[in-house]
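Using the sequences and the accompanying hints, generate a full structural model.
2 protein chains.
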Amino acid sequence: MSTEPKECCLGSVGFIGLGIMGQPMAENLLKAGYKVCVWNRTESKCECLVEMGADMLRSPGDVAAHGPKVLFVCVTGTEDVKEILFSEKGIAKSAKQGLIVVDHSTIDAKEAADFADCLAGAGVKYLDAPVSGGDVGAKAGTLSIMVGGDEKAYETVRPMLEVLGQKVNYMGKSGMGQVTKSCNQVMVACNLMGVCEAMMLAKKNGLSLEKMIEAVSGGAAGSWSLSNLGVKIKDGDWSPGFMVKDLLKDLGFVSHLSQVSHAPLTGTNMVETLFQVLAAEGEGELGTQALAKVYEKLGGFEF
Amino acid sequence: MSTEPKECCLGSVGFIGLGIMGQPMAENLLKAGYKVCVWNRTESKCECLVEMGADMLRSPGDVAAHGPKVLFVCVTGTEDVKEILFSEKGIAKSAKQGLIVVDHSTIDAKEAADFADCLAGAGVKYLDAPVSGGDVGAKAGTLSIMVGGDEKAYETVRPMLEVLGQKVNYMGKSGMGQVTKSCNQVMVACNLMGVCEAMMLAKKNGLSLEKMIEAVSGGAAGSWSLSNLGVKIKDGDWSPGFMVKDLLKDLGFVSHLSQVSHAPLTGTNMVETLFQVLAAEGEGELGTQALAKVYEKLGGFEF
Chain A
183 MSTEPKECCL
193 GSVGFIGLGI
203 MGQPMAENLL
213 KAGYKVCVWN
223 RTESKCECLV
233 EMGADMLRSP
243 GDVAAHGPKV
253 LFVCVTGTED
263 VKEILFSEKG
273 IAKSAKQGLI
283 VVDHSTIDAK
293 EAADFADCLA
303 GAGVKYLDAP
313 VSGGDVGAKA
323 GTLSIMVGGD
333 EKAYETVRPM
343 LEVLGQKVNY
353 MGKSGMGQVT
363 KSCNQVMVAC
373 NLMGVCEAMM
383 LAKKNGLSLE
393 KMIEAVSGGA
403 AGSWSLSNLG
413 VKIKDGDWSP
423 GFMVKDLLKD
433 LGFVSHLSQV
443 SHAPLTGTNM
453 VETLFQVLAA
463 EGEGELGTQA
473 LAKVYEKLGG
483 FEF
Chain B
183 MSTEPKECCL
193 GSVGFIGLGI
203 MGQPMAENLL
213 KAGYKVCVWN
223 RTESKCECLV
233 EMGADMLRSP
243 GDVAAHGPKV
253 LFVCVTGTED
263 VKEILFSEKG
273 IAKSAKQGLI
283 VVDHSTIDAK
293 EAADFADCLA
303 GAGVKYLDAP
313 VSGGDVGAKA
323 GTLSIMVGGD
333 EKAYETVRPM
343 LEVLGQKVNY
353 MGKSGMGQVT
363 KSCNQVMVAC
373 NLMGVCEAMM
383 LAKKNGLSLE
393 KMIEAVSGGA
403 AGSWSLSNLG
413 VKIKDGDWSP
423 GFMVKDLLKD
433 LGFVSHLSQV
443 SHAPLTGTNM
453 VETLFQVLAA
463 EGEGELGTQA
473 LAKVYEKLGG
483 FEF
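Chains as they are written, first to last, in my numbering: chain A, 183 to 485; chain B, 183 to 485.
Hints may contain errors.
Note that identical chains are pooled: a pair holds if it fits in a single copy or bridges any two copies.
Dumping the calculated BS3-like pairs for lysine-lysine here, alpha-carbon to alpha-carbon at most 25 Å [stated by the list, open to error]: (1) K393 x K334; (2) K213 x K355; (3) K431 x K386; (4) K355 x K386; (5) K275 x K292; (6) K227 x K414; (7) K393 x K427; (8) K292 x K393; (9) K416 x K355; (10) K386 x K292; (11) K393 x K355; (12) K393 x K479; (13) K275 x K414; (14) K275 x K427; (15) K479 x K271; (16) K393 x K275.
Please keep in mind that the hints were generated in silico from the structure rather than gathered at the bench.
Given below as structure tokens:
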């Protein structure tokens, strides 16, 4: 296949990391009219995109050398990002002046800010741009995207981000996208704890879970968690929209951020502990609503 | 003023307890075309309703003797309800067979079920029907009303409840209205804790609170608490929609219910403790969003 840059109406971009999130995001960029060159650690995951017209390259450095103005990254952990950026075959070594790296991975906020500093030396702008909305949002192009970093670079990539997400927000300097994601996960965790405890109280006292959800969802007790995960708990459906192990990963970043900034998160720490119980019992790949299973154990009952 | 029952298009009802909630609720029944006779411990609070055409009576028993088919109660505590129902000048002594008492007070669920049992002996149906939505909802007639007790009695009073509230739900046998309210307050408390912790994390890390709220409200972190109380916390507005001391009262019922039903509410117990800190410092009459002030102390900062 060709590795020559091609002319395209909307320009050429790179995409690194074609997992459950990255694959549909890269697809959406292709469909929108961007020329996309891709790299993924497991090569076979590139096939589908290549069939749609993407170019597959041999390393993150090759993608950068290919000359895109914007390079998207969407991988799992801080170490993965570090390797993609700074290893021997990484982006920094072969990037051209002016490249903008948009990192959709959820990683440590302080490290994200460090990456931006390091890349600035090579004339590369790095935006931390974690997303929320899951694989469903990635496919539908309805993600929330929270962006930190250079504001001019943000304005440049905004039309592309609006292909990937419905709510695209500039949050401030480097790291602020990740801080926002941490704030998001604090509420995701605490709200879910409230839902589990309310549902336990209902179940233990003979109140219909269905009626309870219906009666209170629209008022002061209402939340996304109640409307979406409450129903799954009621049905004993533990299948993952978002996995326990992934929320635990994110709560690790929350925990680190809370330590370095002296922000004692009493409730979030407690929920994190309860999620650790689930993971310790080998249930890390269930959906986060499986937090209800910890309450089943605590209360000696079943939903 | 007349104490004679009058003919009226929609029938005659009694209303006992004209506080911040009861006053506008009784007004709405009057405006809807019901003939209303009222009693309140502090007589002066009846004046406004009397001017609108209500009859003021001398005791709860007098209201019951006046012959309404339905008698609403809206007072503060379990003991207040007990006195109104069962004291020398209470409802039970003079109620006519078939009277339906609709109790909008938030009280202990087990006591509510006991009240229903005791009144059944006198041929009186008692519905526990706590509300959510505050004085704003009471005025606008947009309360959520959660009803437990005899279903036929519920069907009889439903048209009246639909004057008072927008979401009227039958929850099951006696006490289930109160259990629902407790479930509601569990989530109200836990969601608010999540909001406070997320906002502390944002503030401590230099993230704009306004931008954070805007970026995450519509997604998986979204809640009524974030959209309504998050904004007040950002502005340092501690004025009460719903007071700390009132939520603490309700959390007392939650706590009792959790004890008798062996439902260990780890998160809710923690938030209750934090609210107790506020009350101990004399801040029980602030709005519940003042929970954020406890986090200010824990984290040594100010919103």
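Results for each hint:
1. K393 x K334: between (50 Å within a copy, 18 Å between copies)
2. K213 x K355: So K213 and K355 fail the 25 Å test inside a copy (31 Å) and across (56 Å) alike.
3. K431 x K386: between (32 Å within a copy, 21 Å between copies)
4. K355 x K386: Cα proximity of K355 and K386: across copies only (15 Å, versus 48 Å in one copy).
5. K275 x K292: within (22 Å within a copy, 70 Å between copies)
6. K227 x K414: Intra 31 Å, inter 47 Å, cutoff 25 Å: neither.
7. K393 x K427: neither (31 Å within a copy, 28 Å between copies)
8. K292 x K393: between (45 Å within a copy, 19 Å between copies)
9. K416 x K355: So K416 and K355 pass the 25 Å test across copies only (20 Å; inside, 42 Å).
10. K386 x K292: Only across copies: K386 and K292 sit 13 Å apart there, 44 Å inside one copy, limit 25 Å.
11. K393 x K355: between (45 Å within a copy, 13 Å between copies)
12. K393 x K479: within (24 Å within a copy, 39 Å between copies)
13. K275 x K414: neither (47 Å within a copy, 48 Å between copies)
14. K275 x K427: Neither. Shortest intra-copy (33 Å) and inter-copy (61 Å) distances fail the 25 Å Cα cut-off.
15. K479 x K271: For K479 and K271, the Cα distance exceeds 25 Å both inside one copy (48 Å) and across copies (48 Å).
16. K393 x K275: Neither. Shortest intra-copy (59 Å) and inter-copy (35 Å) distances fail the 25 Å Cα cut-off.
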